[in-house]
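Student: Going down the list, the protein sequences come from chains G and Z.
This note's numbering numbers the first residue of the first sequence as 14 and each following residue consecutively.
This note's numbering numbers the first residue of the second sequence as 14 and each following residue consecutively.
Keep in mind the hints are simulated off the structure, nothing from the lab.
Keep in mind that the hints are not guaranteed to be accurate.
Because identical chains cannot be distinguished in the list, a pair is counted as satisfied if it fits within a single copy or across any two copies.
What the hints assert, rightly or not - Restricting the straight-line Cα-Cα distance to at most 20 Å, the calculated cross-link-like pairs of lysine to aspartate or glutamate (EDC-like) are: (1) K290 x D25; (2) K659 x E282; (3) K591 x D568; (4) K675 x D275.
What follows is each chain in one-letter form.
2 protein chains.
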Amino acid sequence: MPEVIIDKHTDDLTVNTIKFLAVDAVQKANSGHPGMPMGAADYTYALWIKHLRYNPKDPAWPNRDRFILSAGHGSMLLYAMLHLAGYDMPVEELQQFRQWCSHTPGHPEYDPKLGIETTTGPLGQGISNAVGMAMAQRRLAALFNKPGYDLIDHRIYVIASDGDLEEGISHEACSLAGHLGLGSIVVLYDDNHISIEGDTELAYSDNVAMRFEAYGWYVQKIDGHERAAASLALTKAEAVTDRPSIIIARTHIANGAPTKHDTAAAHGEPLGEEEIKAAKQLAGWPLEPTFYVPREVRELFAKRAAELLPQYEAWQSMFAQYRQAYPEQADLWDKMMGKVVPSNIEDIILSNIDCEKPAATRAASGMVIQEAAKLVPSLWGGSADLAPSTKTDVKGAGDFEKENPLGWNIHFGVREHGMGAAVNGIALYGGFIPYGATFLIFSDYMRPTIRLAALMGLHVVHVFTHDSIFVGEDGPTHEPIEQLPSLRAIPNVKVIRPADTAETAVAWAVALENTSGPTLLALSRQNLPASSGDPAKAKGLRRGAYVVRDSDKIDVVLIATGSEVSAAIGAYEILKQKGIGARVVSMPCMELFDEQDQAYRDSVIPPDVKKRVSIEAASPFGWSKYVGDEGISIGMTRFGASAPYKVLAEKFGFTPEAIAAKVEHYLAN
Amino acid sequence: MPEVIIDKHTDDLTVNTIKFLAVDAVQKANSGHPGMPMGAADYTYALWIKHLRYNPKDPAWPNRDRFILSAGHGSMLLYAMLHLAGYDMPVEELQQFRQWCSHTPGHPEYDPKLGIETTTGPLGQGISNAVGMAMAQRRLAALFNKPGYDLIDHRIYVIASDGDLEEGISHEACSLAGHLGLGSIVVLYDDNHISIEGDTELAYSDNVAMRFEAYGWYVQKIDGHERAAASLALTKAEAVTDRPSIIIARTHIANGAPTKHDTAAAHGEPLGEEEIKAAKQLAGWPLEPTFYVPREVRELFAKRAAELLPQYEAWQSMFAQYRQAYPEQADLWDKMMGKVVPSNIEDIILSNIDCEKPAATRAASGMVIQEAAKLVPSLWGGSADLAPSTKTDVKGAGDFEKENPLGWNIHFGVREHGMGAAVNGIALYGGFIPYGATFLIFSDYMRPTIRLAALMGLHVVHVFTHDSIFVGEDGPTHEPIEQLPSLRAIPNVKVIRPADTAETAVAWAVALENTSGPTLLALSRQNLPASSGDPAKAKGLRRGAYVVRDSDKIDVVLIATGSEVSAAIGAYEILKQKGIGARVVSMPCMELFDEQDQAYRDSVIPPDVKKRVSIEAASPFGWSKYVGDEGISIGMTRFGASAPYKVLAEKFGFTPEAIAAKVEHYLAN
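With these hints in hand, go ahead and build the complete structure from the sequences.
Tutor: This is the structure:
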């Protein structure tokens, strides 16, 4: 076994450069995590200098290896590597670590131009994004690779910490990865035995090797400070292509810090001037300048870049030949990579589905998906073991499985959180507009991934069905109450709750066009009549809210969403009989409505009509903004109950009669 | 090995009774999950008739065995067993399965009087509650058991499904259970190979035995339809007391249904009249009456109850003797079981801590916990690997570990979701007012458990520190924005964001007194001055909001929470210089404020002062209710950023100067 990567001197020099870049940056910021980069520097060096394939001048190269620092708190490790490897990460950025408007925030933030493949920090997310990336890779490879044209043929490397592996999401994602045999994944588990509270032994006794064998992974163990052993293990892992690999690298946190190595103190605080001085002296490192990169190290990475360039260029010329040899496939490639959506998709879908017949909006969504799948090659998704209920399968399109990468329907399993992270990973990978599906109530299980999609501005869609108490018999554990307001409160998320089939089609069109953040569709279990009038009118959804019924004299504005729009229309008819003029507004998306100008908003909710009632079978939290000081909200201020949904509508006051009676009482007082 | 439990006839008769009670109830409701109870009836029968120790006349007996149906969708299995075992579950209730106001909702809802130990249905929760229960049991046993007095000496049985084990929370909880060696836990894994989308092979290939061995569990495999084998495996599991046990029971869903067994169709739909007829004929079961319980089966359970009664009575007389022998311990027992909190706890704590010195509210909370731990013997908790930051450790009280059950501080590990479920389990068990702790941002990881605590009305506390963008350098991944409104939207939850040390003490007192649902404390990372004036004034927190600064003429009401109260006071001073009269309201808890009468609410926010500004470094979602039609909200409508927190306060406009300028501009326009 070779004992060095290049030679002892160069190896030491480079590893120390990585360590002290991290140490100096954390010290300058007076904030951060020096211990992880110091502990991980040896194998990370081996990975980047011998294995990882990249082109810093073209960070978006589709066939690059992916590098994910799931242990995002060790962000300086990533920034140091990007700096050394020649990405657009000058030393000035390292010196601005954790400062306002720098590209070196406390935890890595997705920035594909800089080689930052995903946002990490919330533990378990990065390793789970990798699973989605590998799924996307598998499918793209199956779609595009041809004999002699391995367009997609790369690896996805992850550095994960004990925290990543303690989090439940790692179970969901790694179990799925094992099931699907995602052989491009190579995880380096930084097993440093230290967590924030102290030794991991305080809380964590898993036999990690056995756990991952149970998932069907290829498992190796190394001394994480033996660089050549790390390289050898990576080579072995790369040779195993039918299942994911994990390399358990025993490391020492803050390796090289004379008094703070192997201590929790080194996890999340600067080492301090004295410790740094001692560490640098121990390593024979100059105390000044800080952020020092020896010439040999610069040359080493330049040499590595030069080694890698021909591979990059070979790929580019292969791809040029591919365009000639497979023009149709190349055209599809462009469409998928561009995530192209036909500009008239809404009209095509609206003309192909029956918008008149009463249908649950989940069923309407199912019809739309069948059409959209034909029109948008990038579309791809599945459900967390609820496809028969969420209606998200594309019929006849097969299952995406280990042996069938061209199958469409993804079976995420009972793994909502893992699904959310995998969907994010698919979107990050490129080529796909992914969707996931579960019941709205279980959006709670995957909230951190929705937030990260919003933070990264990812084009993802989630189909959340069974969107209210009208789930019925399954009872309060399955009946969303606070989920709608809770999701609306997340920045950069569009929550759309369509009222009927036509609105559902428009909602999906909005979702397919919303490239800059997640779109969440809240869909009914129960049948709903066509309330929006005609399909053309349903396009009002694009403006967030629009008038669906009106009166000459408006005594009251009823603002409803989803299944409550038809109930509001029923109430409108009753009130009309009693001489009360109501306007019914369908407000499927607050976020879109808030984006409209004042004139439009005033045209929908007239400022001079102060009597307003919101009607939504959910927590009324957040509705005051629309109903105003004199308005009321008909909603749910308690949890639901188990009973047939029509009984619940009566008991909780969501029938047209009950709504009309409440409105009448409200107007009379 | 015995081949039967009682005799073949009785065994068959009882198992069929269980099956057909479930089948008939689902059919009558025309809704539900018949397949699971049918598949699980054999081993469940063995468990209840040979192992489980209970007294249906005293369902709260502290030393009863616990039975948790983690696979809550199979609720009719539980209801059938409770019916047969003599709990207050008459056949009329079974006939009202899934109907309005029945005690037999679609998924089991916590009802200790009926023997329903926890609410299940959202997968992975029940098995994770069991871990908390076993932790509580371990600690109570260590506190109270004496030679000859095994007051606490029972088991916690769980039936879990593939869905339970696919969910990430099961990883967190079962890993923790293995770490702590919680030997009272015996899980029966109903391995029926069927999930909603079809065969579990579609998504799930874990080697479950190996996975649980990796956690340090004792693992057995059985044919789940071999009743005597199940009983033998239970006996073996019960003999292993140093680690949790799992029995992997291979079963066939809808076992006994001639055409629907082993099908996904039997999972979540009634079998249908024809299939039921065929199944009953196959079993030699009368078609009528439905809900049939043979006399022999009634007698069998009566005999079992008679067998168990002496054990119950022996425990009661042992406990009576214990009261004599250990009066002080018995007194402590009563206090803990009653979860007694001194009525003057707030005053004691306020007088023992320094309310004047500037402190982060997380640090204030740490001081309060030290005091509360002396005053409330039921108090118990820990942190998800963030104790040095959440300040939740009780100093010098040791760590709760396998070998140290009397240690106080629980190390939940990096397992927020598992922590939430364990905390719920501890509260369900009795004797403890448990608390968990993590950063507010990571409340997202544990939302389903907060919701369940609210739904069950559990007395639990969560300490959520680092409660705003003022986390600073860690950046947007760690900076809560939407978490406050998202948590406020949950019914029956109190979210309290105190402004200083005195408010923090009152907030903790409220949390300790709020027996009917979770209290969530949102606490600052950064130091805050004493803004509430004096400790007596801080008691205004009990009413949700109160005036902290006032003016003779009120031009504007500034409503702030937490760290923004002192910023608002700063703005108040600046405005005063400019001749603008402001009132500053501290509103630490919207829910408590909403509970006050109109007169009080109007006295705090005068209806005639329409110029109102909310100031909270979080999403403004939900504030319209308080600031009204003419009001504005100073909040965060985007994600945060990585920078020192004072920089963020400037950039995002939360300095006194920036607030004053905004208010001035607002009043001028």
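Student: Need the list of violated hint numbers for this structure, in ascending order.
Tutor: 4
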